[in-house]
Structures are given as C-alpha cells and as structure tokens.
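S.K.: If you want the building blocks of each chain, they are given just below.
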Amino acid sequence: MSRAPLSRTTTIGLGAGGLLVFILLWETLARSGLLPAFVAPAPSSLPGAFWREYTGGFWLKAILGSASHYFAGLAAGSALGITFGVLAGLSRRYEAAQQWLVRVIRPIPGLAWIPFAIIWFGISETAAIFIIGVSVFWITYFSAFAAVRGVDPDLLEVAEAFGHRSAFAKVVKIILPAAAPGILGGVRIALGQGWMAVVAAEIFGVPGMGARMQDASGLLQTPVVIVYMLTIAALYSLTDMVFGQVSKVILQWQR
Amino acid sequence: MAAIAEIKGLSLAYGDNVVLQGLDLTLERGSFVAIVGASGVGKSTLLRVLADLSKPSSGTVTTHFTEGRGHRPAALVFQEARLLPWRRVLSNIEFGLESLGLPRAERRDLAEKALKLVGLADFAKRWPYQLSGGQRQRVALARALALKPDLLLLDEPFGALDAITRAGMQDELLRLWKETGASILMVTHDLDEAVYLADRVILLGESPARIISDLTVPEMRPRIRGALTSAAGIRDELERTMTGGSGI
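First to last, the sequence lines map onto chains A and B.
Residues 11 to 265, numbered by my numbering, are exactly what the first sequence covers, in order.
Residues 5 to 252, numbered by my numbering, are exactly what the second sequence covers, in order.
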C-alpha cells in the first residue's frame with residue numbers, strides 16, 4: 011500500500027479511466043445480449059434518446075417544471091428548517107418543549123408524506139414542493155441547531171464585555187455570523203437531498219422530470235429514464251458548484 | 005492621587021466555590037497596577053467584576069469614571085485576542101463603538117485612530133486569520149483603546165505570545181499607557197513582566213483570594229529589562245513569597 015498522494019493528472023486520469031471501463035463493460039454486456047435492452051439499455055442508445063427528448067421539447071419542459079418545484083421546496087424547507095433549528099439552538103426551553111415531537115416526526119421518510127401531500131394539496135405543484143420541502147427541512151434544522159449550540163461562549167463574552175448585552179444584539183452580532191458556516195453546510199447537503207426528492211415528489215404525476223421518468227418506465231423506455239437520471243446528476247453538480255462559489259464569498263473570512 | 009476604583013469587602017462565589025472573599029483594593033487614577041499570583045486564585049475574576057461581567061456576591065465596587073459620550077469606562081483585553089473572525093480588522097475595532105450610539109462616520113474615524121495607535125493602520129482591511137498572534141493581540145488592544153476607557157483591564161494579554169513578540173508588546177503597552185493616560189490593571193503570572201511594567205504589584209494568593217503582598221515599584225522609567233535594581237529585589241521578594249506560600 012503506497013501512501014504517497016497522487017498527482018492531479020493521475021487522479022483525473024484514473025477517475026475518467028474508471029468511468030470509461032464501466033461504460034465499455036456495460037456496452038459489451040448489452041451488445042452481447044446478456045443484458046436485454048429493457049433491463050439496462052446500452053450506453054450507445056442514450057444520445058439518441060436524449061436527442062428525441064430534446065427536440066420533442068420534453069427535456070427542457072421537464073427540467074423547468076422540476077427546477078421550479080426544487081427551488082421553491084428548497085427555499086421553503088430550508089428557511090423553516092433554519093428558523094426552527096436556530097430557535098431550538100437559542101432556547102433550551104423551546105428545545106425541551108419540541109424534543110419529543112421531533113423524535114416522533116423526524117424518522118418519517120419524505121416518501122411517507124406523499125399520501126398526505128396528495129390529500130392536502132391534490133396532485134399539484136404545491137404537493138411536490140411540500141415533499142421536497144419536508145426532505146430538506148431536517149437536514150437544515152439539525153445543522154442550524156448544532157451550529158448555534160456550537161458558538162464559542164468566549165465570543166459571547168466579548169459581546170457582553172463590549173456593551174452588546176441584549177439577546178437581540180448577541181444573536182445578530184455573534185450567534186448568526188458564527189453559526190453561518192454550519193448553517194450553509196447544512197444547506198449544501200440539502201441541495202443534494204432536494205434533487206433526490208424531486209423524482210419522488212413528481213412521480214405521482216406532477217409535471218417534471220419525475221413524471222416523465224414514470225411515463226417512460228411505463229413504456230419500458232429505459233434509455234429515457236437514464237437520460238433523466240443523468241440530467242438530475244448534472245443539475246445537482248451545477249447547483250452544488252454555484253452554491254459552493256457563493257458560500258466561498260460569504261465565508262471568505264474563513265481560512 | 006485620586007482613586008479610579010475602590011473595592012471594599014468584595015466577595016464572589018460560584019455556588020459553593022468561594023473565589024474572592026473580603027477583598028479591599030483601591031486603584032489610583034493613571035496608575036499601572038499588576039496583579040500576580042498562581043493560576044486559579046481569582047485574578048481574572050477580579051477583572052471580570054470590574055468589567056461588569058460578573059456580579060459580586062457581596063461588597064462594593066465604587067468607580068470614579070468620567071462621564072461622557074462616546075466612551076466606555078472599562079475595557080477588557082483577554083489572553084486570546086478573541087477577535088470576531090467574520091469581521092475585518094477595522095470592523096473588529098468598531099465592535100465596541102457600535103454599542104455607544106455613535107454615527108457610522110465617527111465610529112469609523114475612532115476605529116482608524118485606534119488602529120493607527122497600535123501601528124496597524126495598513127491592516128484595516130485584513131481578516132483576523134491573516135494576522136500573526138502579536139498583531140491580533142494589538143487589534144484586541146485597539147478594540148479596547150478605541151473606547152477611550154478610564155480603566156484598561158488586561159487579562160494576561162501577552163501570555164500566549166512568544167518571548168520576543170511579548171517584549172515588543174510590553175514596550176508598546178507602556179507607550180500607549182503614556183499616550184492615553186488610562187489607568188491599567190493587568191493580570192499576569194510573569195513576575196518579570198509585572199515589575200517591568202507596573203507601578204505597583206499585588207500578589208494574590210490562596211483560595212479564596214486575599215492580598216498577600218502589595219508592593220510599589222519605585223524604579224524610574226524607562227526601565228531596563230531584567231536589570232539588577234530595586235525592581236529585581238521586588239521581583240525576588242515576590243517569588244519568595246509565592247513559592248514559600250505554596251510550600252515548594
């Protein structure tokens with residue numbers, strides 16, 4: 011076992027090589043007939059499937075539909091998650107009061123909310139936004155809670171020593187800025203969680219990539235399903251990259 | 005000399021843990037007083053009471069601070085700089101000024117003057133992480149000095165610095181003391197530092213803390229570091245009292 015770090019080019023080369031070997035192996039299996047096309051379509055069938063989705067106007071429409079659910083759900087879910095997480099972090103009384111309730115609701119997976127989402131909101135955009143919101147709520151809640159609890163008490167003492175003694179001043183001048191890295195870290199995880207929830211949130215018929223995948227799989231159009239899987243991966247990478255850059259600017263005070 | 009603070013019968017306990025009991029101490033205006041003693045004898049607690057961070061269980065603290073707009077009577081410098089990492093240097097110095105209700109421009113102006121005073125005018129836009137330990141401590145000093153305090157409270161401010169930086173900061177502090185005319189109360193466990201800087205050295209000992217020695221350093225200024233003078237005699241006397249008291 012060598013412990014020396016790999017050079018940048020070696021790392022990139024190995025990553026690309028691994029992916030290439032995987033694709034070639036998959037293609038070979040598909041062409042040899044060992045893997046029937048409806049089980050796993052050959053990678054070479056994907057560009058054509060993508061082109062048909064794109065030229066038919068389905069692809070862009072599905073992305074726009076999903077993106078609107080995604081961003082609305084992410085914004086609402088993380089805004090609520092951060093708010094309640096910060097509150098629980100600030101107040102031991104509030105934390106104690108909500109603690110049992112949290113224990114009951116916390117383990118319920120986002121998918122389990124789908125029946126209620128439909129009962130409450132019908133098969134609507136709101137229902138999809140609700141499902142995505144629920145799935146990002148807890149991540150942002152717990153990261154905000156931990157970030158607020160983790161604020162260095164020495165810095166709170168600085169606030170007192172320099173005349174910022176009200177609870178409001180301490181929250182605004184010390185706690186929120188000190189907790190910002192933890193809160194933003196939670197949002198960053200939520201970005202990925204949100205995309206994962208998109209498919210589930212739309213699979214019952216709200217127009218978007220999830221619904222399109224559901225339709226395609228019903229017709230055994232597996233290449234189309236894979237096109238949207240890859241699209242979601244690409245959209246996740248994009249949002250994560252943009253958010254990473256934005257965080258870097260906000261948190262430029264960190265070493 | 006008039007007193008800046010008079011402490012009478014000061015006691016402070018955290019639950020059953022009595023840290024200070026019946027402490028009497030008068031600080032003269034414009035003086036530089038050092039408090040020495042082993043760790044855990046309540047030196048920092050005394051500073052915290054004067055900074056209004058801890059409430060005494062009994063006893064009185066009478067201060068004769070000047071009234072006026074745009075200043076805070078007592079300002080504290082901690083052992084660690086404790087700058088707010090998300091604020092640039094200048095903004096860190098403004099932190100204390102923000103609680104005084106000054107207009108923004110005046111705040112900025114006062115902060116810039118304080119930064120100049122500690123010789124870091126060029127570092128206004130830096131983040132704290134970009135500074136050395138000594139520079140960070142200077143910014144912490146500037147944050148306190150910007151408030152034009154009557155009483156500057158220093159809690160082992162150079163304890164975390166290397167010897168060379170510490171010596172430089174000590175001379176810097178003497179210059180600032182002269183320039184600002186503030187009264188200084190400094191906690192340290194470094195006897196050399198105490199007799200080099202202070203007019204008066206108070207040895208606190210035992211728990212709950214009481215004053216074991218209260219000595220005036222007659223040495224002229226500027227002093228020579230580590231010279232075999234009357235200050236050295238005081239230093240040795242303090243050391244004997246300290247080690248004798250703890251039975252070493």
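The reader is advised that the hints may include incorrect statements.
Computed, partial: chain B to chain A, Cβ under 10 Å [to be verified]:
1. Tyr18
2. Gly74
3. Arg76
4. Ala78
5. Leu88
6. Pro89
7. Arg91
8. Leu104
9. Phe127
10. Gly137
11. Ala164
12. Leu165
13. Glu176
14. Leu178
15. Leu180
16. Trp181
Beyond 12 Å from chain A on every Cβ pair, some chain B residues (computed) [unchecked claim]:
17. Gln25
18. Arg33
19. Thr67
Because the hints were derived from the structure by calculation, they are not lab data.
These numbers come from a predicted model, not from an experiment.
No residue lacks a Cβ here, since even glycine has one placed at the ideal position from N, Cα and C.
S.K.: Hints first: check each against the structure and report whether it holds.
M.R.: Hint check:
1. The interface hint given for Tyr18/B is violated, since its Cβ lies 15 Å from the closest Cβ of chain A, which is over the 10 Å cut-off.
2. Interface hint status for Gly74/B: violated, as the beta-carbon distance to the closest one in chain A is roughly 12 Å, over 10 Å.
3. Interface hint status for Arg76/B: upheld, as the beta-carbon distance to the closest one in chain A is roughly 6 Å, under 10 Å.
4. Interface restraint check for Ala78/B: the shortest CB-CB distance to chain A comes to about 9 Å, inside 10 Å, so the restraint holds.
5. A hinted interface residue such as Leu88/B counts as satisfied when its beta carbon comes closer than 10 Å to some beta carbon of chain A; here the least separation is about 7 Å, so the hint holds.
6. Interface hint status for Pro89/B: upheld, as the beta-carbon distance to the closest one in chain A is roughly 5 Å, under 10 Å.
7. At its closest, the beta carbon of Arg91/B sits 7 Å from a beta carbon of chain A; the interface hint therefore holds under the 10 Å criterion.
8. About 7 Å separates the beta-carbon of Leu104/B from the nearest beta-carbon of chain A, less than 10 Å, and the hint is met.
9. Below 10 Å, beta-carbon pairs count as interface contacts, and Phe127/B has none with chain A, the closest being about 14 Å; its hint is therefore violated.
10. This hint is violated: Gly137/B has a C-beta 14 Å from the nearest C-beta of chain A, more than the 10 Å allowed.
11. Among the interface hints, the one on Ala164/B is violated; its C-beta lies about 13 Å from the nearest C-beta in chain A, farther than the 10 Å criterion.
12. For Leu165/B, the interface hint is violated, the least distance from its beta-carbon to any beta-carbon of chain A being 18 Å, above 10 Å.
13. Hint status for Glu176/B relative to chain A: violated, with the closest Cβ pair at about 21 Å, above 10 Å.
14. A least Cβ separation of about 23 Å between Leu178/B and chain A goes past the 10 Å threshold, and the interface hint is therefore violated.
15. For Leu180/B, the interface hint is violated, since its Cβ never comes within 10 Å of a Cβ in chain A; the closest pair sits about 18 Å apart.
16. With its C-beta approaching chain A no nearer than about 20 Å, Trp181/B sits outside the 10 Å limit, and its interface hint is violated.
17. The claim that Gln25/B lies off the interface holds: its Cβ sits roughly 24 Å from the closest Cβ of chain A, which is beyond the 12 Å cut-off.
18. With a cut of 12 Å on Cβ distances, Arg33/B stays outside the contact zone with chain A, its closest approach being about 22 Å.
19. Consistency note on Thr67/B: stated as away from chain A, and its beta-carbon is indeed over 12 Å from all of that chain's, at 16 Å minimum.
Checked against the numbered hints listed earlier, the structure breaks hints 1, 2, 9, 10, 11, 12, 13, 14, 15 and 16; every other hint is satisfied.
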